[in-house]
Amino acid sequence: MAVNESPVASPAPGWGRRFPRDERVFLWLVAASLVGMTAVVFGWLAWGNQNVPDTYRYQTPAQYSETVAKFTDRYQAEDGLVYVPPGEDAYLAASRYTFYPGLALQANTQYRIWLSATDVLHGFSLVGGGQNINLELAPNHVTGMNLTVGDPGRYLIVCNEYCGLDHHTMKAYLTVVPAAVMEQNVVAAGAGEEVTPGVVPAGAIEISADPTGALKFDTSSLRAEAGPVTIVMENPSPLPHNVAIKGNGVDVKGKVVLKGGTSTVSADLDPGTYTFYCSVPGHEAAGMKGTLTVT
Amino acid sequence: MAYVEPAPHILAGVREERSRICGVTGLRIFATPQALTVANAVAAVLALAAGGLFGLLIGLTRAPGVELLGSDWFYAALTGHGVAALILWPIFFEVAAMVFASSILLNARLFSNALGWASFALMVVGAVMLLGIILSGEASVAFTAYPPLVANQVFYLGYLIFAVGALLAVVNFALTIVKARTDGVHEGSLPLITYGVGAAAILALLSIASGLVALIPAWLYSAGWIGSVEPIVYRGWFWGLGHTLQYVNVVAMVVAWYGIAALAVGAGPVNQKFTRIAFVLYILISFPVLGHHFLVDPSIGNDVKLVGGTLMGFGLGVPSLMHGIAVMGGIEAKLRREGATGLFGWLKRIRWGHAGIAALAGSLLIFAVGGWSGTAETTLQLNMVTHNTMWVPAHLHQTVVGGMTLAFMGFAYLLVPLLVRRELWSHRLAAWQAWLYCAGMLIMTTAQSWAGALGVPRRTADTSYGGDGLSGWDTPMNIAGIGVGLAALSGALFVVIMVLTLLVGKRTEDPVRLSPSAVKA
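Protein sequences appear in the order of chains A and B.
With the first sequence counted from 1, adding 45 to any position gets you our numbering.
With the second sequence counted from 1, adding 794 to any position gets you our numbering.
These aren't lab readings, by the way, just hints derived from the structure by calculation.
A virtual CB, placed ideally from N, CA and C, is assigned to each residue, including glycine.
Some hints here could point you the wrong way.
Now the in silico label distances, taken between C-beta atoms and shown as ranges [unchecked claim]:
hint, chain 1, residue 1, chain 2, residue 2, range
1, B, Val1098, A, Gly305, 29 to 37 Å
2, B, Asp1262, A, Gly93, 26 to 34 Å
3, A, Asp124, B, Asp1262, 54 to 62 Å
4, B, Trp1019, A, Thr100, 33 to 41 Å
5, A, Gly88, B, Arg975, 26 to 34 Å
6, B, Asp866, A, Asp124, 29 to 37 Å
7, B, Ile1276, A, Asn96, 32 to 40 Å
8, A, Asn191, B, Val965, 45 to 53 Å
9, A, Thr83, B, Ala843, 49 to 57 Å
Covered stretches of chain A (chain B as the covering partner; in silico rule of three or more C-beta atoms under 8 Å from a C-beta of chain B) [unchecked claim]:
hint, segment
10, 55-62
11, 66-76
12, 88-95
13, 98-104
14, 175-185
15, 210-220
Bound-form chain B, shown alone:
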């Protein structure tokens, strides 16, 4: 797209900061937002790596054939896995996306560079406090930290400092968009990706605010300044943080879907209005759906559970179905315009060995399975069967890992070569990596769902219960362990491909080599 020269009096201010024009996209990129995007993205990847490592350790502990960790380390690793993979990784990534979508996509400077760095610093401090106290073994309370269970108060302070940092990033994002428009740098409707990231930012705001309401009393309780915290009320506010945050992830995943479709096939969303309505639906439904965490809790009536849990849960499937059809429909429409015929002719034109397409297809597939398993467990009666069994981690890995992480991997395969002007180290291996990750996640989560249906509890260091566990429990848990192994292998392969691309990928300016098309010639 073209860079629009702002009005002269604006330009005078703008040029104070170093900037460059991207040769491929024509976007003006300022130095600070670029550095801030990279810093947050690096922190996000480090958090993901930590989360993945903890995940491998606990996955192999849960496999009865391996039982890697002792129980104390298992619960510490479990807490670390939740904090790193479900809190730190998505929020760092979302902040990177917010800086990118507000400043870089709109050709604008940040509202405040200082605010951006302050937020990053607070988030890093909070993250280090969290992981440090978890590794010390004094915060083995799982990332949910339901009182009256208490951790060392450093744990809660880490959470709170991290949340304040993230809150500042959301403020900076919103004010950057306002400033871009009042300065005349950006006019017209926001690009779809900025719009989507905006939806994610609103959800992040709701989520963090809810988290503060939950965690401040929990901190005061752990410090001994208040006598008690009502556990059911805490669960409500905590999941206002926890579940809404997962929809920040989902929105980011959807943005990656559109990004992959645009870069690999040249396809856009099938319909801007349809797509944007779906983003608004996420904003409306994602917060109240926390009611599904109460489905088998005491003291809450079935009427509240049905409306706030089950019906909201069903409704939350709607925007995801809309985006799924809009992404696939956009690709189909593009290929039909290029001459594909018949019902499935367009599918035959796609190169399935393309890394971006492999990740997109795997992500759409596993996320669809996750949507189904979530809809099942948000059903009042079925929740009594699935609550706190392995069905729950199966659902959240189908959505957050198989759906989101795989989509981000695919997006990274397409975006990083453009950013660093180096060909992907091995495009073929990258496609294999994506399919392998997809297979590992499908094996792991299917076996976990199976185990959950048999009643295997989640979050326990020993599935055997000293020999009293049911005999049918071992088989699915061992199969899940195999899936964990495949996914971990594939995750390591992703890191290797990325590092080798950055270090020894062939330098080139050829757009065909930098961004290979997923459409057969």
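Chain A on its own, in the form it takes in the complex:
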């Protein structure tokens, strides 16, 4: 502590040299707390479980609207919601005074959700279900957020950047559904949309999912010679399916396809017994599997 001098008069000459111990100790304490806080912020970036997204794209409102329209056409169900199967990206556009489209996501699954505004600035504020996540949305800028949704329910989203005289009416729900509901709706909405021409590689084993929607393949036993093995599965069923191989250290999965699609899986197999199955959650347990014997 030093002398008191009036704040309205010129200080006595030599004031620039006085810097006693109390002041220095105080500044060291402040510096130490700054270092501590900075370490927490950087540490959380590396090891924390909720951080600000840093994946961005640049798309004009017209381009982004087109992307959202295609996405919506592909997955929109009869109830108006867009059921996004796991593994697919979701898109949401904010414009005065709506969020479009209404998204339905599968419970306890991680999604990448793309967000942008198509007219003025908007806020994305997910506040339902004990969440509190807030992002700024601007036209021309598209943010890619990785979001792991929780249990089934409807979660409130509001716009929290002032956007015009009806700003307070701008709200939406994020609908989270169980896997079974997701499957029904994905199929109902997207049936036939993703038809990949069935080009079957030479020497491949061809199988099919049950066309009635039962959780099984058209065979439960396959044989193959050691070496490269390819299984091609057609999906005439109303449910999403794929084909996968596991056993003896092998674990490979084909793409999940909707009705009319073809899922292909390849592996280099030694002689032994393997399991081929559908990896869509619950399907293998329900019996959608078989034995692949390699000789």
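Starting from the structure of chain A, add chain B where the hints point.
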């Protein structure tokens, strides 16, 4: 302090303008700077009153138990509140402080009286245009006016004319100091208050320049002369105006802290060098810290956000901590020299029913809470939780209202009786007013922080979202409404005490009655 007679050839010029010597401070006060200080201060108080009235209206609209205004009026009042309380009030006040600290404290004439009046006139014209177009309902874009949202172009022109006026005032301030020194009227280091106001003036310059870069394209866009304004770039330049300006306020608040400590306790800053370093730190950090407005914006990487937002935000706490300790340490050192003993003995010597001390203590307390809430929201990860929720208005009311406005009220209680030679109408009521304001602001901002943590959005006319709002939202918003009511009541009480002091306060020349000490006899 003593008045230093300038060299004779200077004096010949100086005496052309009417001046008086203040009987208490010994300062030579020229007529024009005195009139200009008063004019700007009156405009500042009018802007504050308008801002406070808008604030009461929107605070009561946000309380679910009241819901005073319809949505159209709410957004107009919201825009008016931001413009009046966050732009007009601090800049008018800062210009008054600049005239006072450059001319009156240095015994000098203004560099140019004409420039001073021209700047005042432009600022008044700009302010009237802004408030007029807002009340007409054609500029309900919030004071931030983020494009592509557009207001009537009168709104942008009002902003620009006001900014040019303020810019002229900064120029006049700087040239007045230069002239005082080249004329030999002032020698040696600048007084701490002039130094502090100088720091505020540099920040005001940066802030206004940044505002022009943001608002000129926005104006051209609203007039239809250019096709688009990049919204993220606008946000950057706008907050170069908006946030830097708040540090003009903070510096002015710190100056008021030192003023109150000097008048109420006779205490000075604990260390001139320490204090001045803190002012320089404000100048260095206040502008780049605008990065924290981008923390959850698209297209900006986390590296930029961490450095320009989070780390700068943390750093900006340093000068405020330094000033806080320097003001309190100065009072402690003074009282210890007068015989206070023990760790807290000096606190027992203070009269807590003293209006200046009540305001100083409340201001230090609420500003400290505001510093904490700001540090929390400038943290990259926590900003994702607080961005555009009620946490943000809680932070800015803790700093700008609970910190700054309360400090100015306390400073006014001590300064006005000296200026008008009248005893404060009721010193006891003034102290109660300050404590009540402190309580109202603490209740309001604590409830707002609580609401923000629950996700209640800011700047919305209807928190219920037509019944879809969360059930936990109503309680904190209603409690905040109670705080708004207390603060408004206390603010009205401040005006009443001031007016009655000016009109019917007892005339006296007794320094003990004019400036009662906050130290127990």
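Against the structure, the hints come out as follows:
| no. | hint | in the structure |
| --- | --- | --- |
| 1 | B:Val1098 <-> A:Gly305: 29 to 37 Å | violated, 46 Å |
| 2 | B:Asp1262 <-> A:Gly93: 26 to 34 Å | holds, 31 Å |
| 3 | A:Asp124 <-> B:Asp1262: 54 to 62 Å | violated, 18 Å |
| 4 | B:Trp1019 <-> A:Thr100: 33 to 41 Å | holds, 36 Å |
| 5 | A:Gly88 <-> B:Arg975: 26 to 34 Å | violated, 51 Å |
| 6 | B:Asp866 <-> A:Asp124: 29 to 37 Å | holds, 35 Å |
| 7 | B:Ile1276 <-> A:Asn96: 32 to 40 Å | holds, 37 Å |
| 8 | A:Asn191 <-> B:Val965: 45 to 53 Å | holds, 51 Å |
| 9 | A:Thr83 <-> B:Ala843: 49 to 57 Å | violated, 42 Å |
| 10 | 55-62 | holds (count 6) |
| 11 | 66-76 | holds (count 5) |
| 12 | 88-95 | holds (count 4) |
| 13 | 98-104 | holds (count 3) |
| 14 | 175-185 | holds (count 10) |
| 15 | 210-220 | holds (count 6) |
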